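*Asks:* From these two lone chains plus the hints, build me the complex, please.
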Amino acid sequence: MTTVSISRTDSGYSLSLADWGPDLSGRTLGAIIREEVVDLAPEVLFDCAGVESMSPSFADEVFGKLASSDKRPHINVVNANPAVLSAIRFAVAERTR
Amino acid sequence: MASHGTDAEIRLEIPANANFSGLTRVLAQLKPLLVSPENDEPRLVVVDMRDVERCSATGITILAAALEHLFVCKRLRPGSQILVPQRSDVTQFLWRMNFFAELGVNMPSRQERARPHGFRPVTHVANDAESPAVTRGLVEAVEESYEIDPITSGALKSCVNEVVENVFYHARSPVDALVSVQTEDRKVELAIVDTGRGIRTSLLDVPEYRAKAPDDCSAIRLALKKNVTTTGDDRRGIGLWVVYELVRRNEGQMLVLSNDGGVEITGEQLVDIEECFWPGTLVAVEFDMAQPIDIREVYASGEFDDDSFDF
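If you're matching them up, the sequences are chains A and B in order. Mapping the first sequence onto the working numbering, position 58 (from 1) lands on 58, and the numbers just tick up by one. Count along the second sequence from 1, then add 1000; that gives the number in the working numbering.
Hint data in this document are derived by calculation from the structure and do not stem from the laboratory. Relax, there's no trap hidden among the hints.
Quick list of the computed label-pair ranges, beta carbon to beta carbon: (1) 1275/B x 35/A: 44 to 54 Å; (2) 1215/B x 41/A: 47 to 57 Å; (3) 41/A x 1074/B: 54 to 64 Å; (4) 1104/B x 19/A: 28 to 38 Å; (5) 68/A x 1035/B: 40 to 50 Å; (6) 68/A x 1009/B: 56 to 66 Å.
From a predicted model like this one, the values you see are computed outputs, not experimental measurements. Ideal placement from N, C-alpha and C gives every residue a C-beta, glycine not left out.
Chain B with its partners taken away, still in its complex shape (with noise of 0.2 Å):
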């Protein structure tokens, strides 16, 4: 996983098991091309995936954005490359799951496959309009694995519909947002990505957040609180504050990395990661599918045995 080359070139080892975390300590290295002025000198870029065996879908996602991101802002020197798996199986995998087609390159008929069952690929969405529909296929996909309720529908739904909006409200991302699901097990994994300008450069717009986000990890900390929020209007930021009470609520798993920090969330655990770097902001929510989940514990509005409502 080491990273070794000469100044003009950056070569990135993907280890085996291209997961959340191998990953985001691999991308770490190109931190000084993410974050560098855009008028500095493109670098040459090495992906060598030909030891990868197992990719997860938010590990696609995660390296996707990353290497879109370099292509956009203009940082990757022509013949930069990727080093395909030796596996064919797990070339396909990533054909099958947009990585290669997201990068613009194209798919050879030959490796066209039917639509795979339990994921989706790596779906990019341009603007907050698209995102019900991107979301409704996240779930879909999710159906195709477990026997889902419309309240876990409509929670899922939720989850995924609130951080891409936060996406085109504050992130300003140079790739828009990416997102991805995998079911496995009975685990239901969703990631969501933006390469913009992160958690903590949004609240420091606002004066009282300043002392409260002295750096990346207590900014994340502060975004899951309830009506926190950049807009002036206290009664809103309540978007990231449902996902993290849903997954709290499940005992899930939820993971955000933003610029130089992270919090990992393991039911009521909240564990800063402090070594860490990820150019933008990235959500990844893991739920149980053995376990409720309920917005309506979240929202604990109490009468649900109606359907209508006044006021």
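Next up, chain A with everything else stripped away, as it sits in the complex (with noise of 0.2 Å):
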């Protein structure tokens, strides 16, 4: 899949990350979920239920480029296991530190 499936809230926008599968990995398929996102405000809700497996790598790609953008929105990340939030803290706090 690589086209984004980005839906309406009434704080912003989501979108459910397990639509490109359990395990999410590569900075090819990072880039182009950060590009869908970057540009769109106020916020956007990562929801990360189904996902069981995220590589650094896609973490940087995604959560930490967005983190260290001058222009973006508000990001919430939901129901993510113990360890895909630990990657995703740690490439925030790595572009960020």
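*Replies:* Here's what the structure looks like:
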């Protein structure tokens, strides 16, 4: 799947990362997803339900680079398993330190 | 294990135990052929496996990658051959591991067997988009032998995906990437192999790394460090470091070979391997399944008791 399905919510937009499969890896895919959401406002909710693993490169490409972007929406990550959440936290911390 | 033959012939005698260390020594004999310019005359290669009694998945992956590289790069003269093991169970194991199929030899129907338990055949990964599905299959093989939690499963997947991604970003490998997994006792062995340009050649694209990587061993050690990258983005260069940190914390083993150098990692210890050769990069990782494999420790994010985050 290379297109992004983004839903409108009361506070902005949301997308389900599991639409790309339970195991997320690769900067190519990460860049596609980031490009789709970087200009949305005011908030993007990433629902990680069903995501079993996320590689550090993917996490950096989506969340790390969003975190260091000057103009970006507020990002909410929900339903992430502990390992996925730690990958995202690490990616954001690396890009904003 | 000696090499003998005419100028036009290279004969490889594969040892009884075709494991990682035995094979890399034998394959060093192929170096003149593997590194020679493509317009050199192809050579007759005879791979004598008749004495082989035991093969590891990593060993088969290495041998398949080397021979496939020679084939793809047109380095083999017609008439080159593989002398199959005398032990039929070993030959059947090679069939089941896709060794012959990877070299373009079709499997006779009589050799078909049920999918092996606890390991997966040598698998070709043609691009990084294929990596998640292949990796999932490898980890399912591990799950056939061990009950593993989602944290361990995710860590194993991240390991393979990161190394495979490196192949497609940096290696320029003629055979793409070959991967395999094998479980034995309480160990899981993963191998990711390419026949690309190697770590040092890639690092030399960056002027600041030239002095830090005067040889292949030092280049491998450098590549294991965090944020070492040839992309120009100093926040990248995480993948191989994450794999190394997982192995170190698990007190497992990791072996990285790249061209004329190698580094063997056992827990906290890194030892250079000088007398080896691999035409590209080979990463073999062994985890101790009795020890935790927790990528959260590597990330050290600290708070694991919630499932949401915002920034």
